[in-house]
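Mind assembling these two chains? They're in different frames, but the hints should get you there.
In order, the protein sequences belong to chains A and B.
Start counting the first sequence at 1; every next residue gets the next number (this note's numbering).
Start counting the second sequence at 1001; every next residue gets the next number (this note's numbering).
No wet-lab data here; the hints were simulated from the structure.
Please note that a few of the clues may not be correct.
As the list claims (entries may be wrong) - Covered stretches of chain A, as calculated for chain B (at least 3 residues, CB under 8 Å): (1) 66 to 76; (2) 200 to 212; (3) 251 to 265; (4) 286 to 298.
Here the structure is a predicted model, which means the values were calculated and not measured.
Glycine is no exception: its CB is placed at the ideal position from the N, C-alpha and C atoms.
Listed here are the chains, written in short residue letters.
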Amino acid sequence: MSEQQVSASVPTNKPDADESARVEKAASERRKSGFMSGAAGRNVGLVVALLLLCVVGFATGGERFLSLSNLMTILSLGSVLGVVAIGMTFVITTGGIDLSVGSVLGLASVWATTLATQSYGWVVMVICALAVGVGAGLLNGLIIAYGRVVAFIATLAMLVAARGLAELIAQKRTQIVDVPAFNDVFKGNILGVPKIVWIFAIVAVLGWFLFNRTTFGRRTVAVGGNAEAARLAGIKVKRHLVYVYALSGLTAGIAGVMILARTSAGSSTNGLLLELDVIAAVVVGGTLLAGGRGTIVGTVLGVLIFTTLTNVFIINNIDSSVQQIAKGAIIVGAVLLQQRLTRRTT
Amino acid sequence: MSARTTLRRRITLATVSAASVALIATACTSNTPTAENTADGNDGGGGSSQAVSDNDAPGDPIVIGFSAPAADHGWMGAITSAAEAEAEKYEDVELRVADGTNDVNVQISQIEGFINDGVDAIVLLPFDGAALTDVATKAMEAGIPVINVDREFSSPFAARTTVLGDNYGMGVSAGQYICEQLGDNPDAVVAEIAGIDSLPLTQDRSQGFADALSDCGLDVDNRVAADFTVQGGEAATANLLQAAPQIDAIWNHDDDQGVGVLSAIENAGRDEFFMVGGAGSANVMEHIKAGDSVLQATVIYPSTQAADGIKLARLVAHEKNMSDLASSGVPRTVQLFAPVVTKDNVDQYLPSAFQS
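Looking at chain B on its own, in the form it has when it is part of the complex (with noise of 0.2 Å):
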């Protein structure tokens, strides 16, 4: 054991350390050589019409801040693009956009930076809800509107508006679908992928799946829970293929997930049911159009909220009408509608779709 052959140890390892690395960087290449992938061109807007109003009109200059958690999964990441791409469109916005965390300290301080700076209007996705509430009632009392996009605060007074996405109504358009298709079969087998079934808005979806589900005299005959993640999605839906021999329709939460159950299904061989997809990225949508898999349609749970709030941060900084809207200001609440989208009309929402 000399000092020697320690050193000599110490170099061989070395050695072969900083070999692997090298093979590390030689046999793995990374995502940018190719154009495609840095073009995400997501446009953030759903390609609606406008109505004819003037308040797309350039007005007074005004500073929104922009702060969403931490981009950890497609749907996510798109918000915070399509919150950007808004912005862009208005040349009398400047935005602000604090780095996405899951942080909630972090989050809280990002918005006292917001206050502090005085900004005109605050967009906020919060990482949780309840937790940002006070630093957003702390803006609402400073005079800055608060937009709250998504996870709702607990105190009304902690947001002018409040930019909601409808979980209860994505598992009734779901779940609408499928009775359209199967309503003459009371037998039906019909089965559910959920994503994480601990969050209320898991448990909100299944509740309106059931109910919708139910009106037509169908009910879930087989639920499974994955966790939102291609590999859970995948294993959950193996067994769930075992568990049930002849299935008539799928419901599938999530479309990041739907990667996984996808490939479990074409792994299992099984084309005898349609699935339904939810959230509504791009690749689920180009496969109903395509019509190259069970999938024959998916529910929306829109990624552009973020870009709505800013439009309405926009509106309301300015103190502005909603256009379509007989009564003044914009309104308290706006919850999105969870259109189902088919071969029919997926051309009018793919270019509004989040890559997963």
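Looking at chain A on its own, in the form it has when it is part of the complex (with noise of 0.2 Å):
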């Protein structure tokens, strides 16, 4: 946060005596500035740009495009994407970054797959995966707000350190799942919906709960608007930060988890520039990359747009270096038409 920010926003009355509302009004500096007013506008381009995803899909696709399977087909595929991109927002939100979801997601994937958690069941497989990755999510928060190192910095040490971490325990296999009731639990569909798309819409749920509704969100906008004076209002800010790269670690866990359940098989390249597409989903939604500003519906738009592309392009059989480039100039566009659409309704 700059100086300027800081001196400017600096709350100069008596602080109020409820906790709750020092943080409503510490968060609202920041909303008051474009928040409420460009979300819908940003959300509806958002919503533009899919459909206009989707009509390009139908019209050259045809029914392999618009049938239920690849819709399906398509959920599952951002599913893992999803869920993280759902921790990353709030990290971002903090003005911070974290690196390491992709590599901790391989950690925890490989973690709760060697032959010796497997000995013990689904359980103690999916507690091993959340416990690595919180505890990933915790060390890199306390690095970041106790230890004063910079979250590109910090989280970035961590990307390297766990994915050779996994390469060590995983002696560079690839380990399958050899446990049938993980796969009964975590494979197969329920009510014709694939259940780690249940998992995402699940975690959507809860994350937009955690960011609109509670007194965590109000602080996490807060912490990322201004630090300063999120801790002049009482928010205890090196704290919340722990709690917020923790929470990305979880997603991170989770998603190592929905992997497995993908993929049957955990293995050091799981998540292997993972981050690079989470960041750029979350960018693209509508979530600031200076802090202060996030969205978890633009999020979860944002990882549709970006499986549904890749999908069209494949149904369409084009090459992959076209892919690229179309998704490059696609992230551009995206963040130009947010632009223009929340200048318009501002």
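Shown next as structure tokens:
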């Protein structure tokens, strides 16, 4: 946070007695400048972009694109990315970044599938993946908040280290899930919808509630908008940052379990370069990289745009190099479109 | 915000993190307790019959330096372990294995170390062929024969002998096998799941595949590229299966990513086609043997090339000939065959397969 911002928004009057009121106040400092008014416009822009993609998909792929099974494929492929993106939305809203999510996901998937962990059954496998995620996230948060290391560097270090540890544990082998109960619990459908899509839906709804309806969410926005103002408003900024990075680690751990359900294998290459897709989806969704503004709905839309895009390309059998160019163009296009619409609605 | 509350907060946080670490330690356990995992008994040799000659008879003791990239996937791990196993078979060979690295500067200094030590031969699988060419040339000039494995140097003066796999040939073998199976049906739908598309080896494999298919009037109808990872293979395949509602044959370039490919096929509940793998991992061969999946064949990219390099380095250092050739001297280039493994011959290849 810059010096000017700090001096501009330091509350001059006496703090409110009630803590949540104070937090609310600090959060609204930022929200006044466009969060409420801009959010609707931004999401409309994303929905328009998604619909356009679907029209292109239908025009070029016909029923192959519009079939129910293709819809489920898109949602399944978006689920892993989406769950991680929910956690990342919180982190980016605080003005931070978590580059380690892909590696932590890989580490969680590997640690949960070692022969010994598998021998304890599926519950322990899941607990293990989540514990690895939360543990790595806590470590990130402690180093960032109390060690005063820039988030970019701290999580970059975790990115490298977690990948290395995953390779060491897996001995660079692919560890096949050999627990029938795990597959029974996480594979297959409920009401025609794959279970991992349900997990994504639950995480997204919980994430939305946490972000928009709780003090935790308000604090997250406040910390990102102006950390000093948030501190003066009584928010324990450092502790809050630790929680936020732990949350991001938790979502990476959940995604690790989902990867196991999708691929039936723990591998140290799981989640390779995932952080880039996640950050792109969150930013395209409308969360401000500088912090202070975030949107869970936007993130979900951003994730769907990316997975639908890949799907439309593959349905049309388009060269993967062309796909990459188009992806880059769409990232820029989506952000430009959002800015347009935001300006018009504010 | 007194010092006391800060301290209390620190203690709570420390407790929370310590507890989480303890949780991890108890919930997650390692691979070590099982014997199976350490017993990666890869004997390295292809189990082929040896020519009757005195080449295997012990000669003067020699030192061979060996350097390869980091074993970050199953195939590369097998490269080093097969080379070590091969050297173990000869009592006259002392193998010095440099720590696997993906940093070309480190690998260059490893070769410089071998030159200073005055080893009798160097077997080198460079991380990047062009980057290691200079130092390999230096070794050759110092009178140390260099055996170049898998990734070629940019100068012919940098190696005494080059051992190569056959990426183009892999594509050809896979294409020919699919032609044999589908040959009478020119409308058959053939799909291809490539590895990292920007690599020359992927382009070679795809070119060979396309060329072989066109020989029998087929072509690649749907092509996707993954990234040699399980997750990438799964995602690319899930989309591919939607793009092509009816497929007759799939070639997947790489058995490491094949785990994800198979998983996507199972998730989609599809089985109207057969699949051919690539590289030749043990678990793919076990699927082929058991016949419990769409996997019907795989094309080998030998993980024993560095082991071949060791054998040739020994022959070169001892100034011997290759006993099955009439000409004198070890050949300049050896390009290995990319055979198709099916249920009929899987037992022959399973012992030399690598663990993915």
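> If you check each hint against the structure, which ones fail?
Replying inline: 2 and 4
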